[in-house]
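Asks: Generate coordinates for the entire structure from the input sequences, incorporating the hints supplied.
Going down the list, the protein sequences come from chains A and B.
Heads up: the first sequence begins at 1034 in the numbering used here, then just goes up one per residue.
Heads up: the second sequence begins at 226 in the numbering used here, then just goes up one per residue.
Derived from the structure by calculation, the hints contain no laboratory data.
This structure is a prediction, so every number in the text was calculated from the model and none was measured.
Incorrect hints may appear among the rest.
Pulled a few chain A residues facing chain B out of the computed Cβ check, cut under 7 angstroms [said to hold, decoys possible]: (1) A1095; (2) G1106; (3) E1138; (4) S1141.
Even for Gly, the Cβ is constructed at its ideal location relative to N, Cα and C.
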Amino acid sequence: VRIDYAFPARTIEMLRDGSLAVMGVETSGLTVRSLPSVVQISLVVALAAPPTEAGQEFELRASILDAALDEVGSPLSAMMQLNPSPVTPEGWELRGLVPVRARFEVRSAGPHSAELRCGEGRSYSVPFFITEVPTPAT
Amino acid sequence: VTQVTDTIRFDFIERTVDLITATGERKPLPGRVEIASSPAPAKRRSDPEPD
Chain A
1034 VRIDYAFPAR TIEMLRDGSL AVMGVETSGL TVRSLPSVVQ ISLVVALAAP
1084 PTEAGQEFEL RASILDAALD EVGSPLSAMM QLNPSPVTPE GWELRGLVPV
1134 RARFEVRSAG PHSAELRCGE GRSYSVPFFI TEVPTPAT
Chain B
226 VTQVTDTIRF DFIERTVDLI TATGERKPLP GRVEIASSPA PAKRRSDPEP
276 D
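Replies: This is the structure we're talking about:
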C-alpha cells in the first residue's frame, strides 16, 4: 500500500455514499495568536495498492516536523486494511480515501510538515505554514 | 473512495489515535480500520424497489 497523494483542507465531511465533501483544498496556512499553541490540521489521504494486497494489514504512520525538521513528539500509527468493494473490477488497483486530523502543539512559527508513511514505503510530506498574528491591543 | 465513516485523529498531545464521527464524537480506534476501495453504487431514484 502506498500514499498516492495527500493534501490539507479546511473541512472534510464524509458523505453517506462514502465519498468526501472537502472545502478549502490546500489550506496550508495556520494562524495562531501566540506561541506555543495547540493546532489541528485536516488532511485528505489517498491510498493505493495492487489488488494482490487486498485485505492485508498495514500501518499508517504520522509525524509532524517543525521548521528545524525536528519531530513534534514521536510518530503515531494506526493499523489499516484496504479491501476491494463489490464494484471494483478484477485486477484493478485498490484505492481508498481517508480523512485524517492531526492535533499537536506548535512551538515556533514557520514551515512545518505532516509526514505520512504506509508500512515501509516512502514517506509522503504535506507542507503547511504557521504564522503568529498577535491579537491587536485594544 | 473510502467507506470509512469516521476521521482518524492523530493526537500528538495526548499521544492517542482515535476516530472522530461526523457528529464530533470521539471513539476508540478499533484494532484495524477497514477501508473499501470504492463505494457501493448509489441507489438511484429510478431503481426499482426490491420485492
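Asks: Are the hints correct? Go through all of them and say.
Replies: Each hint tested on the structure:
no.	hint	in the structure
1	A1095	5 angstroms, holds
2	G1106	4 angstroms, holds
3	E1138	6 angstroms, holds
4	S1141	15 angstroms, violated
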